[in-house]
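Same order as they appear, the protein sequences are chains H and G.
Heads up: the first sequence at position 8 corresponds to 8 in this note's numbering, and the numbers run straight through without jumps.
Quick note, this note's numbering runs 1000 ahead of the 1-based positions in the second sequence.
Calculated directly from the structure, the hints in this document are not laboratory data.
Even for Gly, the Cβ is constructed at its ideal location relative to N, Cα and C.
Treat the hints with caution; some may be incorrect.
Every beta carbon over 12 Å from chain H, so not counted as near; a handful from chain G, in silico [unchecked claim]:
1. 1025
2. 1071
3. 1141
4. 1185
5. 1249
Straight-line Cα separation of at most 25 Å, DSS-like style, residue types lysine-lysine; simulated pairs [said to hold, decoys possible]:
6. 1205(G) with 23(H)
7. 39(H) with 1205(G)
8. 23(H) with 1197(G)
9. 1178(G) with 1144(G)
10. 1146(G) with 11(H)
Simulated DEER-style distance windows between Cβ atoms [to be verified]:
11. 1219(G) with 72(H): 48 to 54 Å
12. 24(H) with 1171(G): 37 to 43 Å
13. 20(H) with 1219(G): 32 to 38 Å
14. 1090(G) with 72(H): 19 to 25 Å
15. 48(H) with 1199(G): 50 to 56 Å
16. 5(H) with 1219(G): 50 to 56 Å
17. 48(H) with 1068(G): 46 to 52 Å
18. 5(H) with 1169(G): 39 to 45 Å
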Amino acid sequence: MLLTQLLTGKKARVVRLTARSQKRRRLLDLGLIPDTVVKSIRRSPAGDPTAYLIRGTTLGLRSEETNLVEIKELS
Amino acid sequence: MGLTSQSSGLNVLKKEFNLTSGYNNPVIALAGNPNTGKSTVFNELTGLKQHTGNWPGKTVIQAKGYFSHQGQQFMLVDLPGTYSLLANSTEELIARDFICFADPTVTIVVVDSTNLERNLNLVLQIMELTDNVILCLNLIDEAKRKGIEINIEHLQSELKIPVIPTIARDGYGITALKETVFRVNSGEIKIKPYKIKYSPEVENKVIELEETLEKRIGHLKNFINFHWLALRLLEGDQTILYSLEKYFVDYFPSKILSGESGVQASGVR
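Build the full structure now, drawing on both the sequences and the hints.
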C-alpha cells in the first residue's frame, strides 16, 4: 500500500521507500525512515497535497512524493 | 599562488550575504529546523526585534545583527529554517551556501527540545560540514512540561560539541550561549565534532574523490571541506557544482559543469 492511499485519520508504518537518489534523501530528511509511524491529518480541497504527522511535525506532501512511500496500515 | 578574495569570487559571496567580516568581526550563523525559535534566539542575542512568527518559511531572506560579549563584537546571521542542508529548496540552498562558503566562525544550531530526534538530523549534517558547531537546546521548559528529560552531559559527549539549554522567550541560557561562542572564537574551547562513518564502500569512494579534488582544485582546499564535497558529489548533488562555480568563478574558466575538470566524470553518474 502507498502512503497516497492512506485515508484521513488513519495511521501507518513506513515499510520502504521506492524513491532513489536525491528524492530518496529528501524523504529521509523529512523523517520518512522505515518503521516510522505516519498519520494522515487532512487533505487539501483539491486532494493534493495532504498533511501528515511525521515524527512530531505536520508536513504537507504531494502525491508525487507519497507515491514513493510504501506503508502498512495500522489498525 | 595566494588566493585573494578578489580572485576567488568570495567577494561575490560577501556581497550576496552583505558581509563585512574581518578578523576581529567574527560571523556567527544561526541554523535550525523550521519553528524551533531561531528568530527568538536571534532577537535575544542581538536585542533586535526581528519579526517572529509561528509559520514556516518566515526567514527566507537572511537577517543580520550584532552582539557583544566581554568587549568582543560578533555578527549574527539568522538563516532560514530547514530540515536538511541538501539544497532542495531556496531556504536550504541559502543555509547550505552560507555555512559552506561564507565560513562562519561558529554555527549555532537551534533545536526544539521537544522533538530532538527530528532535529538532530540537521545537526549531524552541519557537523559534517564545519567543526565549530554549538547545539542550542531551545524550548527546554516545554520539553520538561511534556515529561521529556534530556541528558545534556551524555548528548554533549556523544556529539562532541557544546550543548546549551535555553528558553529564548525568557532569555534563559542566552548568556551561557554568548559565553560559549566567545570561548570557541578565542580558541579556549576547541571543538572536534563526532563524524559519521559510512560503509567501507562509500568511504573508499569518498577517499578516491577527495584525491581527485585535491589534484583538480587543490588550491581551494582552505575554502571548502573536501570530505563533505566528495560526499555531495557522490550523492549526485548538482547544486553544489553550480554554487562552486558561482563563488569560485575565476577558478573555473573552463566551467566545471561541462565536466572538463574531471570532478564530475570520476564520481557522479
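Consistency of the hints with the structure:
No beta-carbon of chain H is positioned within 12 Å of the beta-carbon of residue 1025(G); the least distance is around 33 Å. Every Cβ of chain H is farther than 12 Å from the Cβ of residue 1071(G); the closest lies at roughly 40 Å, confirming the non-interface assignment. Taking the minimum C-beta to C-beta distance to chain H, about 17 Å, the non-interface status of residue 1141(G) holds against the 12 Å cut. The beta carbon of residue 1185(G) is kept farther than 12 Å from every beta carbon of chain H, the shortest such distance being approximately 30 Å.
Every Cβ of chain H is farther than 12 Å from the Cβ of residue 1249(G); the closest lies at roughly 25 Å, confirming the non-interface assignment. Taking the CA atoms of residue 1205(G) and residue 23(H), the gap is about 21 Å. The hint holds against a cut of 25 Å. A threshold of 25 Å between alpha carbons decides the hint, and for residue 39(H) with residue 1205(G) the separation of about 38 Å lies outside it, so the pair is violated. A distance of roughly 22 Å separates the Cα atoms of residue 23(H) and residue 1197(G); the hinted pair therefore holds under the 25 Å criterion.
Straight-line distance between C-alpha atoms of residue 1178(G) and residue 1144(G) comes to about 23 Å, which keeps the hinted pair within the 25 Å bound. Distance restraint check for residue 1146(G) and residue 11(H): the Cα-Cα separation of roughly 22 Å lies within the 25 Å cut-off, and the hinted pair is therefore satisfied. The given range of 48 to 54 Å is respected by residue 1219(G) and residue 72(H), whose C-beta atoms sit roughly 52 Å from each other. Distance hint check: the CB atoms of residue 24(H) and residue 1171(G) are about 41 Å apart, consistent with the given range 37 to 43 Å.
Between residue 20(H) and residue 1219(G) the C-beta distance comes to about 35 Å, which sits within the given range of 32 to 38 Å. About 35 Å separates the C-beta atoms of residue 1090(G) and residue 72(H), a value inconsistent with the hinted range of 19 to 25 Å. The hinted range of 50 to 56 Å is not satisfied by residue 48(H) and residue 1199(G), whose Cβ atoms lie roughly 36 Å apart. Checked against the given bound of 50 to 56 Å, the beta carbons of residue 5(H) and residue 1219(G), roughly 53 Å apart, stay inside it.
In this structure the supplied range 46 to 52 Å holds for residue 48(H) paired with residue 1068(G), their Cβ-Cβ distance being about 50 Å. Our hint of 39 to 45 Å for residue 5(H) and residue 1169(G) holds, since their Cβ atoms are close to 41 Å apart.
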